[in-house]
Amino acid sequence: MTPQPEYVDGVDVSLIRWMLARTPAERLDVLEEAVDLVLEARKYDEHEPVSIGPPDAR
Amino acid sequence: MSTSRFRSVLQTLADHRVEFIVVGGVAAVLEGVPANTFDVDVVHCTSAENVARLMAALQEMQACYRYRPELRPNESHLSTMGHQLLQTRDCPLDVLGAIGKGRSYRDLLPHSHPVKLSDTLTVPVLDLETQIAVKEELAGPKDLAVLPVLRATLAEIRRRSR
Chain X
-13 MTPQPEYVDG VDVSLIRWML ARTPAERLDV LEEAVDLVLE ARKYDEHEPV SIGPPDAR
Chain R
767 MSTSRFRSVL QTLADHRVEF IVVGGVAAVL EGVPANTFDV DVVHCTSAEN VARLMAALQE
827 MQACYRYRPE LRPNESHLST MGHQLLQTRD CPLDVLGAIG KGRSYRDLLP HSHPVKLSDT
887 LTVPVLDLET QIAVKEELAG PKDLAVLPVL RATLAEIRRR SR
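Same order as they appear, the protein sequences are chains X and R. So that you can map any letter, position 33 of the first sequence is 19 in the working numbering, and since no number is skipped, the others follow by simple counting. One gets the working numbering by counting positions in the second sequence from 1 and adding 766 to each.
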């Protein structure tokens, strides 16, 4: 039988367990890589260029 | 842009011996919350000595106001309980005199703990219980939206420690 996702108040607990299995430094890596991915993806939307660098670098 | 933008900001603050506590989304992630954020939020000590150190760190990071890039924060701005929404060379940085219902650095310090991010960088991070309390105090749409995942993470941590 396929394991069913476990939700608490609409929150996927498997994601929480995945994060808690990492050190704080690794959690920060996950966050920074996710931010990079989003910014890289949004570069392809020419109508909405986004940067979190200084304004003069936009 | 590198994958160390948040670390770079925290390292610069630490290098300048700034007294601060990491709060907001980065604090949540460091505590194990599967969340996302694009900025670093810190609550700083507003003593004159610390504000001077913070000014030096912000100058090194080329910090300016996000919505008024021609303006730079000064000692007067940083000595208040107000929120300075800044842009640095690495990422947005919110420098906060207080959060929630007037919780200052000194109020929050007992509710923080050191988190090691590298051999050279350990930062004080607001504990998850207090992050939840602050969000409950604010109760704005953004705060209410993130509360379920904060609470579920705290519940999972407590379940594991039993």
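In short, the hints are calculated from the structure, not lab data. Among the hints, erroneous ones may be present.
[What the hints assert, rightly or not] The list that follows gives simulated cross-link-like pairs (lysine to aspartate or glutamate, EDC-like), each with its CA atoms no further than 20 Å apart:
#1 R/LYS867 with R/GLU841
#2 R/LYS882 with R/GLU815
#3 R/LYS908 with R/GLU836
#4 R/LYS867 with R/ASP781
#5 R/LYS882 with X/GLU19
#6 R/LYS882 with R/ASP893
#7 R/LYS867 with R/GLU895
#8 R/LYS882 with X/ASP(-5)
#9 R/LYS867 with R/GLU922
#10 R/LYS908 with X/ASP(-2)
#11 R/LYS882 with X/ASP(-2)
#12 R/LYS908 with R/GLU895
#13 R/LYS908 with X/ASP(-5)
#14 R/LYS867 with R/ASP893
#15 R/LYS867 with R/GLU903
Just so you know, these numbers come straight off a predicted model, no measurement behind them.
Hint check results:
1. R/LYS867 with R/GLU841: violated (23 Å)
2. R/LYS882 with R/GLU815: violated (25 Å)
3. R/LYS908 with R/GLU836: violated (29 Å)
4. R/LYS867 with R/ASP781: The hint is violated at about 30 Å.
5. R/LYS882 with X/GLU19: Status holds; Cα separation ~19 Å.
6. R/LYS882 with R/ASP893: holds (14 Å)
7. R/LYS867 with R/GLU895: Given pair R/LYS867, R/GLU895 holds - Cα atoms ~15 Å apart, limit 20 Å.
8. R/LYS882 with X/ASP(-5): Roughly 31 Å between the alpha carbons, so the hint for R/LYS882 and X/ASP(-5) is violated.
9. R/LYS867 with R/GLU922: violated (27 Å)
10. R/LYS908 with X/ASP(-2): holds (19 Å)
11. R/LYS882 with X/ASP(-2): Since the Cα atoms of R/LYS882 and X/ASP(-2) sit roughly 27 Å apart, the hinted pair is violated (cutoff 20 Å).
12. R/LYS908 with R/GLU895: holds (18 Å)
13. R/LYS908 with X/ASP(-5): holds (17 Å)
14. R/LYS867 with R/ASP893: Within the cut-off at roughly 17 Å; holds.
15. R/LYS867 with R/GLU903: Holds, because 7 Å separates the two Cα atoms, which is no more than 20 Å.
Violated hints, in rising order: 1, 2, 3, 4, 8, 9, 11; the structure is consistent with all others.
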